[in-house]
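Visitor: One line per chain: the protein sequences are A and B, in this order. Counting in our numbering, the first sequence runs from 41 upward without gaps. Counting in our numbering, the second sequence runs from 146 upward without gaps.
Among the hints, a few may not be true.
[Claimed, not checked] Result set (BS3-like, lysine-lysine): computed pairs, CA atoms no more than 27 Å apart in a straight line:
1. A:LYS137 - B:LYS269
2. A:LYS99 - A:LYS115
3. A:LYS47 - B:LYS269
If you're looking for bench data, these hints aren't it; they were derived computationally from the structure. Keep in mind that this is a model prediction, so the values were computed, not measured.
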Amino acid sequence: MSIYSTKSNRLTGLLYLAPALAFVAAFTAWPLGQMLWVSLNSWSLITPPKFIGLNNFTKAFNDKQFWVSLGFTLKYTLLITPILMIGGYAIALLTVKNTPLRRFTRAVVFVPVVIGLGASSLLWYWLFSTDYGFVNRLLLDLGLIDKAVIWLGVDADRSNWAIIVSVVWKVLGFGMILFVAAIQAIPPEVSEAAMVDGASPWQRLRQVTLPLTLRTVLLVTLISVIGSLLAFDQFYIMTAGQPQNLTATSVFYVYLNSFPYLKLGYGAALSLILAVIILVFTIIQMLLTRRSHA
Amino acid sequence: MSADLAQTMDHSVSGHGVLARFWRGRTKYLVGAACLFICVVMLAPLVASVLASVKSTAEAAAVPPTYVPQTWSLDSYLKLWAYQAGLPVYLANSFGTAFMAIAFSLLLTVPAGYALARFPIPGKELLFVFLLLALIIPYQALLTPIFLMFAQLKLTNSLIGLAIIHTAIQLPFSLYIMRNAFEAVPMELEEAAVIDGCNSFQVLVRICLPSVVPAMITVALFAFITSWNEFLGALVMMNRQDTFTLPLILAAARTETSLGGTDWGMLQAGVTISIIPCVGIYLLLQKYYVSGLLAGAVK
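For reference, chain A alone in the conformation it holds in the complex:
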């Protein structure tokens, strides 16, 4: 019997837990309840809330910009996720052995992961700027383009690709480091057995390495999808939603409604819709991680 298993310790334990419980109740659970309530109201900060039932949700359904933002966010997610997964896995395969050069490469690829998305977006905002940026200078010098390209804020697709380049640079190392850990965790006997059986490198990748790291690949994919669906900083900084809010992501549109426009009820309803979409992916992620101790 443990020293902690006395009756009085039940209360002591609760006391140690109380600050965290109070914090989560106040700053996560309460706002969550508030969001549900506010979403049923028409509410700007200046006028008092007015209960309007599900009107905010039907309004969202008929709001063209809501669908444009959701569609753009999905497009961004669908384009960037395969690049991050395949690119991260390829670099992981290349650098998985612990030689000095490979370790150094891993450390370098990981550096942008620790810097802020705001800072990296400001950096790439400059690199992609039409007249002052290195991207155009380099492409012109290499003869790949004949005149400076306007990357950001004029054409939605071109802006999207420029931002995808910047975000791939920023987060590629995240998947890579998790993939390296997963590949290194494969028991050496398994790889050796495949080698002795004469499997080609491609067969070994497909039949040994990938299946044995599948759980990590799925998890990183989910983390990446959730992150991309919640994208904001890079679009706010690099395009400010331009042209015509075509590059305003879902979170961006929630932000626009809640804050500059102060349509708090509508903003809360949009937040809720977004939260439900994200929840689907989060539940799959939790089933995969089995993080709970239960």
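Once you have looked at the hints, place chain B on chain A.
Guide: Just chain B now, with coordinates in the frame of chain A:
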């Protein structure tokens, strides 16, 4: 990947003497070249930013831009130093918020981790799931109601308010790390301490804390990085310029259009300064960073 394939191919032809040696040599160079290429591509933007920040104002505004500075100058840093409320104010705001987020995270999750790991609390697993609530609801979605609440509590435009949001974002991760750390502490020492007459608080402080220091470093490290880099929460909560954190004031400087457009040199000086603490801490605490990432993401 092609280099990896080439490398493994070298095993399949290893019986063929000269050819094998040729492949092996070539593979080594291919892998080396691929690694160097990747390093150059990844480092180039950072180097470009630092170099742009030490160009003279005129050169930083040159069209087309120069790759390597022709002139060297700290003008961009001096201008940033005096920009709006002044760099010291923004650095103090960013560091202040980050240190409060670290303090709040540790004050909440060290006792909570101890309680979850050791005490027979009724409904413990249910409470744990409640504490992880932030995992299922992205904080981006909660900012509207949090803003309403903070407006009433006078916590908008307050570094404490912002630190609370940053703590809430990190809480599930921090708690998970601390609970696991306490569970890994061997119970024998605590038993001996109790027999010697220590109460649970003394056991926590004298016996357990020294063993969970690495976990506390991990929690502090991630709280710092999250807080230092967080953008949207700060954008929503802070609307007085003297309360801005570093990312906010730099984003504001980006759209500064008076006096002939963006000051690119100053902007890159700001980017350089905001990157330095993150990269510095990462290089110092790489081990904690990677282990925290693995624990948080895949376990």
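Visitor: All hints, please: hold or fail.
Guide: For each hint, the structure was consulted:
1. A:LYS137 - B:LYS269: 42 Å, violated
2. A:LYS99 - A:LYS115: 23 Å, holds
3. A:LYS47 - B:LYS269: Holds - the C-alpha atoms of B:LYS269 and A:LYS47 are around 15 Å apart, at most 27 Å.
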